[in-house]
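Student: Residue numbers (the UniProt record's numbering), protein chains in the order written: chain L, 1 to 626; chain Z, 1 to 626.
Note that these hints are calculated values from the structure, not bench results.
Hints may be right or wrong, so weigh each one.
Chain copies aren't distinguished; within one or between two, either way the pair holds.
[Stated by the list, open to error] DSS-like mimics (lysine-lysine), calculated; alpha carbons at most 27 Å apart, straight line: (1) Lys349 x Lys428; (2) Lys132 x Lys349; (3) Lys164 x Lys349; (4) Lys277 x Lys575; (5) Lys164 x Lys305.
Next come the chains, spelled out residue by residue.
Number of protein chains: 2
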Amino acid sequence: MNARLEFDAATATVDTAAIASFPNSTKVYIEGSRPDIRVPMRSIAQSPTPDSFGGEVNPPVFVYDTSGPYTDPAAQIDIRRGLPAMRRDWIDERGDTEELPGPSSAFGAERLQDASLDALRFGLQRKPRRAKEGANVTQMHYARRGIVTPEMEFVALRENLRRKEYLAQLEAGGPQGRRMAELLGRQHPGQSFGAAIPPEITPEFVREEVARGRAIIPANINHPESEPMIIGRNFLVKINANIGNSAVTSSIGEEVEKMTWAIRWGADNVMDLSTGKHIHETREWIVRNSPVPIGTVPLYQALEKVNGKAEDLTWEIYRDTLIEQAEQGVDYFTIHAGVRLAYVPMTAKRLTGIVSRGGSIMAKWCLAHHRESFLYTHFEDICAIMKAYDVAFSLGDGLRPGSIYDANDEAQLAELATLGELTQIAWKHEVQTMIEGPGHVPLHLIRENMRLQLDGCMEAPFYTLGPLTTDIAPGYDHITSGIGAAHIGWFGTAMLCYVTPKEHLGLPDKADVKEGIITYKIAAHAADLAKGHPGAQIRDNALSKARFEFRWEDQFNLGLDPDRARAFHDATLPKESAKVAHFCSMCGPHFCSMKITQEVRAYADQGMREKAIEFVRGGAKLYREV
Amino acid sequence: MNARLEFDAATATVDTAAIASFPNSTKVYIEGSRPDIRVPMRSIAQSPTPDSFGGEVNPPVFVYDTSGPYTDPAAQIDIRRGLPAMRRDWIDERGDTEELPGPSSAFGAERLQDASLDALRFGLQRKPRRAKEGANVTQMHYARRGIVTPEMEFVALRENLRRKEYLAQLEAGGPQGRRMAELLGRQHPGQSFGAAIPPEITPEFVREEVARGRAIIPANINHPESEPMIIGRNFLVKINANIGNSAVTSSIGEEVEKMTWAIRWGADNVMDLSTGKHIHETREWIVRNSPVPIGTVPLYQALEKVNGKAEDLTWEIYRDTLIEQAEQGVDYFTIHAGVRLAYVPMTAKRLTGIVSRGGSIMAKWCLAHHRESFLYTHFEDICAIMKAYDVAFSLGDGLRPGSIYDANDEAQLAELATLGELTQIAWKHEVQTMIEGPGHVPLHLIRENMRLQLDGCMEAPFYTLGPLTTDIAPGYDHITSGIGAAHIGWFGTAMLCYVTPKEHLGLPDKADVKEGIITYKIAAHAADLAKGHPGAQIRDNALSKARFEFRWEDQFNLGLDPDRARAFHDATLPKESAKVAHFCSMCGPHFCSMKITQEVRAYADQGMREKAIEFVRGGAKLYREV
């Protein structure tokens, strides 16, 4: 037990590592149709190509930025006050919500009255909001009524990354600019397996996708601090990072640090999976300081309330927990309503039974009472809560396989079919919905899984953990699963839940969180390239150009992790002069293939190119004859 | 320059980390048809299932073992003497080779006479061998004549991993044994894209595959220390680790350490890509101490001989280098004979030109002389050397793409077609041949690459570097490429050349070598599972069973890296008692999904199962109606 429980609300400070600037980067905001739509991006400046290679100007590269105000030097960060409530006016303007006098959950009220928690409690002054009687405040509800919300417009601008303006600006820059636009903008046509990705994302396209349930914008009205983002197969593939303490270890301060660390490296969503003491207080600190949507598994907390005895769970306790968390601002709930009594015996012949915590709790409850799951029987009651706050469903895969052996088995696929059925009910209530997926699946069975999900759940966004493509590498499951994640992302998964190197072994620390995130950013980006997501290749092209031209600093800065790239380079050649050298440590100064290629080009430019082309013409036949 | 050049041949010792035993593991040898065919495997013992979960005996698991005598406690390791010449009798018995009086290359003779090298030189007493005048000593030559060599039999035993005997032995153990055989032996049918993997590998199957060129056994007659292994799409996917010093850094001792470290973690082949001083001496130390085939790029050394000036290279210098290295025992040569003059201009419009060192050297030579590559024009002369020592071709992809932008372009595919043409010439001479592949390729273009290689090179084994599926993650290219490697391995690549985290940034150290190897073992195994390689799933099943039963030590020991798994576990729960605990740090003692699943099973066993099955029958209709 190495817990550091000395968290003190009065003196809590932000992790300094979370607020450092990225090298050579500027936080920029793209303004939308109204001044309070300000979409953050990161602009990475580049140095010019060395004179010996042509001396051209290299434009900055814009990248998607999940880090929120933390990387804005103009922002005042004080985690005791939380982030500004950016979406507050948007929510107010809609006029369909009301401020409550206080928490309407029994548990929320009780915690607020408990003086022993004063030293831990986040000092939120704002009251919770809820939909007015009879109102539905989900983005899906608005979308179906043809309303383009500021959230939808924000998302559209964010997805486009200024691509059109960027390339147009380059093209306006004469022949060199046109060459640059062609170089950076060129991309292999993708293979998208039936996705319908438009060349440009418009607010109207966002609305359509949300209306038909093919994408969700997790945006609880009680989390106005969040910067809207979208999850759907026709948008950039997103990643989720899990954090959370357990009964055994970790404290509030550490979890907030993991959250700010996770978004710095690219987490689009964060799930707080805490199961220990002070779940309620920990969550409040995380939500108030998070610019990304926060997800939870309410069942974990409900179980704490009955002292860990699954059979003592009741619908009433669970319901109170949903309301408690919805009023704190949780943006999506994992709800294992697909674990039906009838499916539980299907897991008895498995090698690794039920490995989902939520799934095993519900299975135990079902068997103990020999009754259908209360999550299933009360599903419409749950929908009523979800739409009053715009909490999205993340329909949990409580029967996901925990080993290659159990992949795509009867239990897993029976639950998936039920999740499709529940999706239709959720959509009837206009509640945004995504579907969770496995688990452990060998490479060649991933496609089938994706196909069954797309068909059975009517293209509701798939949100998968990995999948791990082999079980034999504990300590490296970020990699066993990153392989599967790239694959399933390519086939259509909308969000990838990361796996850290500690999976199966222990709780991730900050280093593990970063390793998991970078691995999953790679998987998501590899999937975007394979799907042919417009503009996805710009960053690859820019980085490769920098690499080829020995612009070492630019190569580091354009990468997902400039710090590590620089450190690895410096481990062999620490001198500053080596970062402008036209060679690297792999080959040494006399032996660099890139240097030689430059010489080849010089030769080619000196008239040799024509001669060689003649040779191709004359020689093509020869080569076929040999 | 952080080189440690104080290598002293008289006092050189093996890296102690390379000779430590793996936990709970035993080196075993399977004897073939004659007592000197002793095929090494590692047997990992398991503890019984805890009594509370049934108390059954768990059999040991056999895994492929590349670590050679280093992990045999009975072996006397002295790197100054090298490994025993295990294959010497097999080579002698064939009666088609002769001992030479000394090195027949000018360079080899010269280095031997140079007294200034005494302190560095490996003290080999054995003379080099060569085929008798007119003889061909390749495994392909024997195979085509219907001869099953001891090497082929060795390989067959090695590939099977005792699977048949293992499962038969379990099945003989009564109902519990039969259950265990079914549990461990069960596997998802694979999807092999036209591979022809038999249920069991026989020596005759090996012979057929080598005869038709679909597999190679790299086995230079001057490397009798090697333990035969096979590379082909119908065998287990193999991995290669690159080591090698450069002009800038690294010494002989470090390179030998990297080799012994690499084979410990699973490198099936090692390439020595040294480019600095003492290439010849470094190679000798590596080959004499390596139980796995060693590959090189002879061009690197030839270039050193002309002081790095590509245009000064001649066929004569190159030829002398081939002979020098063939007589040291190098098992395969990367030869960039597909980089033809006519293709060089095709690279001028690339984003990243020619990134292969060998490719850029040859391109420069071709342009400087405006002549066809001497590797291409002398290809049959090269074949004559290869077959006199049984050095295999690894036909280099000198025009592989160095960025996503350049993937699958004209230059790359033109060279690939030429490699197919050269394969036919090599096969005419009965020289074993494999084909090198890219590079940087987005996920969705990998399949096309594999298809073109299989068709154009008549299923000669493909040996690919990655491919990297995105360019945006310097510092993590083991992962960007591990994703591509798993993919292309599934499609039919026979050997995956690892990429370390230092790729593009610096020279890998031992930690990087291990990280690269484990990543590639994962990719290779994920591919084996996806192809449906018989028995590949046994290790996954055993590890998952151990995980489910909280046999923590067994879970660690069955993994690819027991040391890291144990360390990660202990980072959260360091006490020994935690390793027998029926919970882990993710959930704590009251909240473990596996524990709950056990309870679910207990419930199900108490008659609930039947009731629940009734419920399924009755409820199936209900669930469809909702």
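Student: Hints first: check each against the structure and report whether it holds.
Tutor: Hints and how they fare:
1. Lys349 x Lys428: Classified as neither; 36 Å inside a copy, 55 Å across copies.
2. Lys132 x Lys349: Intra 49 Å, inter 62 Å, cutoff 27 Å: neither.
3. Lys164 x Lys349: Answer is between; shortest inter-copy Cα gap is 24 Å, intra-copy 54 Å.
4. Lys277 x Lys575: The answer is between: 23 Å across copies meets 27 Å, while 49 Å in one copy does not.
5. Lys164 x Lys305: neither (52 Å within a copy, 52 Å between copies)
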